[in-house]
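Protein sequence lines, in the order shown, are assigned to chains X, E and L. Numbering-wise, the first sequence is residues 174 to 604 according to the working numbering. Numbering-wise, the second sequence is residues 174 to 604 according to the working numbering. Numbering-wise, the third sequence is residues 174 to 604 according to the working numbering.
These are computed hints drawn from the structure, not numbers from a lab. It should be emphasised that the depicted structure is a prediction, and the values quoted were computed from it without experimental measurement. Beta carbons are placed, not taken as given, at the ideal position from N, Cα and C, and that holds for glycine. One or more of the hints may lead you astray.
[As the list claims (entries may be wrong)] Sample of chain X residues facing chain E (criterion: CB under 8 Å; computed from the structure): (1) Thr529; (2) Leu533; (3) Cys534; (4) Gln537; (5) Gly542; (6) Thr546; (7) Ile547; (8) Asn561; (9) Ala564; (10) Cys566; (11) Asp567; (12) Ile579; (13) Pro582.
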Amino acid sequence: MALVNTGTNSYNLCRELFPLCRSVTGNGVRQTLQIIKDGYIPDLQIHEIPSGTQAFDWTVPKEWNINDAYIIDPDGNKIIDFKESNLHVVGYSVPVNKIVTLEELNEHLYSLPDQPNAIPYVTSYYKERWGFCLTDEQRKNLKPGNYKVYIDSSLTNGSLTYGELILPGKSEKEIFLSTYICHPSMANNELSGPVVTTFIVKWLISLKERKYTYRIIFIPETIGSIVYVSRNLDTLKNNVIAGFNITCVGDDRSYSYLPSRYGNTLADRVALHVLENMQSEFIKYSYLDRGSDERHYCSPGVDLPVVSVMRTKYGKYPEYHTSFDDLDLISPQGLQGAYEVLIKCIEALEKNEKLTVTVLCEPQLGKRGLYPTISSKQSTGNVRDMMNLLAYCDGSNDLLAVAEIINKPVWELYEMVSQLKDHELLSNVEE
Amino acid sequence: MALVNTGTNSYNLCRELFPLCRSVTGNGVRQTLQIIKDGYIPDLQIHEIPSGTQAFDWTVPKEWNINDAYIIDPDGNKIIDFKESNLHVVGYSVPVNKIVTLEELNEHLYSLPDQPNAIPYVTSYYKERWGFCLTDEQRKNLKPGNYKVYIDSSLTNGSLTYGELILPGKSEKEIFLSTYICHPSMANNELSGPVVTTFIVKWLISLKERKYTYRIIFIPETIGSIVYVSRNLDTLKNNVIAGFNITCVGDDRSYSYLPSRYGNTLADRVALHVLENMQSEFIKYSYLDRGSDERHYCSPGVDLPVVSVMRTKYGKYPEYHTSFDDLDLISPQGLQGAYEVLIKCIEALEKNEKLTVTVLCEPQLGKRGLYPTISSKQSTGNVRDMMNLLAYCDGSNDLLAVAEIINKPVWELYEMVSQLKDHELLSNVEE
Amino acid sequence: MALVNTGTNSYNLCRELFPLCRSVTGNGVRQTLQIIKDGYIPDLQIHEIPSGTQAFDWTVPKEWNINDAYIIDPDGNKIIDFKESNLHVVGYSVPVNKIVTLEELNEHLYSLPDQPNAIPYVTSYYKERWGFCLTDEQRKNLKPGNYKVYIDSSLTNGSLTYGELILPGKSEKEIFLSTYICHPSMANNELSGPVVTTFIVKWLISLKERKYTYRIIFIPETIGSIVYVSRNLDTLKNNVIAGFNITCVGDDRSYSYLPSRYGNTLADRVALHVLENMQSEFIKYSYLDRGSDERHYCSPGVDLPVVSVMRTKYGKYPEYHTSFDDLDLISPQGLQGAYEVLIKCIEALEKNEKLTVTVLCEPQLGKRGLYPTISSKQSTGNVRDMMNLLAYCDGSNDLLAVAEIINKPVWELYEMVSQLKDHELLSNVEE
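Extracted from the complex, chain X is given alone in its bound form:
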């Protein structure tokens, strides 16, 4: 089955992208985007926004790149090595090359006493620092003495890089997919996001026709989404009817939903309908639990209808933002499940329309072969769903609303709608 392969293929792409050292800027981002463009989305446009560019209240920072980093202990052993894990270096660390005492070193070390075997993920984009991250176990064993600290990084005027794809549809109204490519070697948050998005794009490209235009972006989180909104505000506000911030879509422990600011957009309705009609349980978060780019997409005055449909949400699993968020945490099944839910959301949007029945009183389905011609005690149940669908196609409800009212997954209505349109019993209400 094709869908199962998507999970496996997604997992393999995660594996390929995992080692790259991404950050909000720099060559790790460019390599990531290039692999996606070369292998999956040839039309992906790569944009470079110069350091120093203003974006609302923010400024694009300097570009950061790093070649190597390590610590050598008093005995001459290389005890911390960037080549082993790019989490060992605080993101955006300035270069350093000197001998420091353990006391001084400690001011630049980050570890997690509660998770003594995890390397934490730490960044400092907007204040110049240097620092190393390590397990608390390792840190406790450091003995007094002089340590050589070495970070071969650069922080220079360069640019912020992001990828963008516009897939045109019949309508200029858009569905917006945003995912981020700024985290180094971590898997659920976040390689799962760009990878699942990549496979959704492949599926979108494969569609014979698309009702909506699709705007897909691969950006660094926060500064990337702010830059993107600042450059596309009017278009986004005019055209986007629903959007998804695609993050944490790799593990298989749960499904999660995080609403838009007031939880009342079409994207919210679709996401909730799909999740509520899946076999699986899901966790419904509040917008107060937010922590990703909806902070900007849904901010006052921007007001985009963007939600997150996730597996296990950032901040809600112990491995989050540590070296334990690795390729073992995610799975082909986890990626596959997220992919399917998001596809179901997109399909529900594509198929959504306001419909009206074309005759007064119930139509006579029997003469069209849609209703049994013999009426006995048992016969009424059979076509009940079709009757219910017709009853609420009154021009005021979209198909999603009808599905909610008649307690059916919307995807079970697509064939029925098609059949009733063929019989000219349903027609679209132009909006």
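Here the structure of chain X is known, so what remains is to put chains E and L in place on it, guided by the hints.
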């Protein structure tokens, strides 16, 4: 007490009408309407709509009549006899008179394995067939051989018959009562419907004055209501403020409510208020559970405010649409209870009005003898209901809304309203 | 701490005012108002409204005063003495001085069989009577014989007295505080009301600036509020944005809330928010439980946004309207608690405004020192409340609504709002 007699009188009328072989057309309907007209509603208008008449998506079928029908077994015994039960023949069976094998016969037999002693009620209005219904017990005992099957029926161009009464009131706004007269010998569904409606009409005729005009129809289900709507659409849409589809009002096992399409009409509010304030429990169905003429009255574009207030709902009792739905299933008490609830609904509609208190601040009830002149710890409770009534008569609420807000059955407010109007403390708000 | 003194000071003022014999008119009211004016509110205006003045459906009654009253039993003992408790005389008793039999006396006696040791509080403002109140214990011991009954009262054309203070603020929109001064020696209902109001006024006077104008009245209940509304209707309707009927604010058993007529005014929102965010439980009554001047303030056509925030509500404690509602029932803590809750309500009104964030997308708090510059796993929670505040300051919500949405007591947001305004990240939306 007069009301108890209504239950008994209703039951007696059920008994009289029970043997007639009604269907969606034919002489059984005419006889039924004539008995009601002769004995109870002299002004009932009988309408005949020719076969072939178009009504929206439907066509009035040929008229069906039947004189006799039977099956004779290989031993020459008459084993099925229409004269014993008119349920034995599939409604709208075409004439037949031939010898068939048991195998062939079986294709024309209907029985209920789950209810082996019940004769099912089966019809085939829109496809020409013949068939017999029998108990599964009897069917299992049929032995191989040749059977004579005989149905002396006619299916010819004729007409669909319905009864209509318009009782004028002070307002041209209407309350609409619809009941059906198309079922052969069954009692709860449906002789109870036309019988209880008949006694409600008698009561309506007896009223000194009616605020509203009443439109009461006795029609065959489905095709009858569709025909009626097609001939009266504008009037119904302009005038009907509340309507009741009167069906399944004969047994005494429960009360039931089935809402209009969105459950938000005046008829819904009245029905719910009355049922919620009765001593008895009731079952609140969804519009998704519908199965009678609200399918047409509440359909998109027709949108009449029609609900059903029933005893045990069609499809929800084991005897439904079988020979067990007989005169033992219904009772004078069951009919009486339904009659009373429906009368309470109609009274609540007649008495409903928007009221406003005529003075600012609370009126001084004491000087009008409506409030105790001595104030002590216990005295405040006594006139609390009157105070509450006055507090919410602010011109925005109808009396039904006031009753809901102050948690009183609306019928306990009628006398109070009258008293306060006499004291000129309440006045009607013209709408 | 200053606030603790308010409780004690309030209690002491209760003690001073307790012995005065107040009624809806008369010198007890005047003395009460004079003590408040002399000691606390020099600008309090005393108004006198002549007997016979019309106020909507009501008429100002004659003025009642009383010097002495007693009963002498057949043995010559003074068994009931007004000087011991002013509750012994039915309020508004006409003068009497005669010998009566026990039988005749009994028609003029009031006691409570259920509370045999309590003297009930009884009045007869609108029908001329005389009567005595006593404990049921004492009443049961009365022996047959002749009793001397003596009431030295007067019921003459005089006036109804009330106090009023208008404290101007920057806006002519008003916050309205109403309390009543018509009960003789009882403590929770009612000395607590005027006393707590007095200390709230002291606090209001002490404020450096007031956004709103404050209208505070000390009136006799019912007739006083009706008279006041009749003389100030247009101003009240145009200007009052929130009001509090201050009663039963002295004991420490509970907090209570009684809503306005529809429970949907700004006063309701503030009262509920404050009570729901206090540490204490509170009882939420319905408007159907009302029994004080909201009956007039919230009546149809008057429609003032007035609620009651109380300690234990009138009618809901056994001592209510008896001699047991005395100085032991209330406490400095009880008075203090009510004072603090009401102050919190007023502060919430003063601070309430519609705010909007001034930048698109989230502002960069880090560059303003409001956000940690290093991002690790734990850091996001720290400034979450500030982010949430900003997220919902979109020009559509007032601060109270924002507090409800983000689940914070509004008073925890004042400092944050101030800080964000200083950084020009929030601005007021003119309404």
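We went through each hint and held it up to the structure:
For X:Thr529, the interface hint holds, since its Cβ comes within 8 Å of a Cβ in chain E; the closest pair sits about 7 Å apart. Nearest Cβ of chain E to the Cβ of X:Leu533: about 5 Å, under the 8 Å cut. The hint holds. Against a cut-off of 8 Å between C-beta atoms, the interface hint on X:Cys534 holds, since the closest Cβ of chain E lies about 4 Å away. Interface hint status for X:Gln537: upheld, as the beta-carbon distance to the closest one in chain E is roughly 5 Å, under 8 Å.
Interface hint status for X:Gly542: violated, as the beta-carbon distance to the closest one in chain E is roughly 11 Å, over 8 Å. Hint on X:Thr546 holds. Least Cβ distance to chain E is approximately 4 Å, under the 8 Å limit. The interface hint given for X:Ile547 is met, as the beta carbon of that residue sits about 5 Å from the closest beta carbon of chain E, less than 8 Å. The restraint placing X:Asn561 at the interface with chain E holds, with a minimum CB-CB distance near 6 Å, inside the 8 Å limit.
Given hint, X:Ala564 at the interface with chain E, holds; its Cβ is 6 Å from that chain's nearest Cβ, closer than 8 Å. The closest approach between the C-beta of X:Cys566 and any C-beta of chain E is roughly 7 Å, which is under the 8 Å cut-off, so the hint is satisfied. Using the Cβ-Cβ criterion of 8 Å, the hint placing X:Asp567 at the interface with chain E is satisfied: the shortest such distance is roughly 3 Å. Given the 8 Å rule on beta carbons, the hint for X:Ile579 holds: about 6 Å separates it from the nearest Cβ of chain E.
Interface hint at X:Pro582: violated, since its Cβ lies 15 Å from the closest Cβ of chain E, which is beyond the 8 Å cut-off.
This entry does not satisfy hints 5 and 13, going by the numbered hints stated previously.
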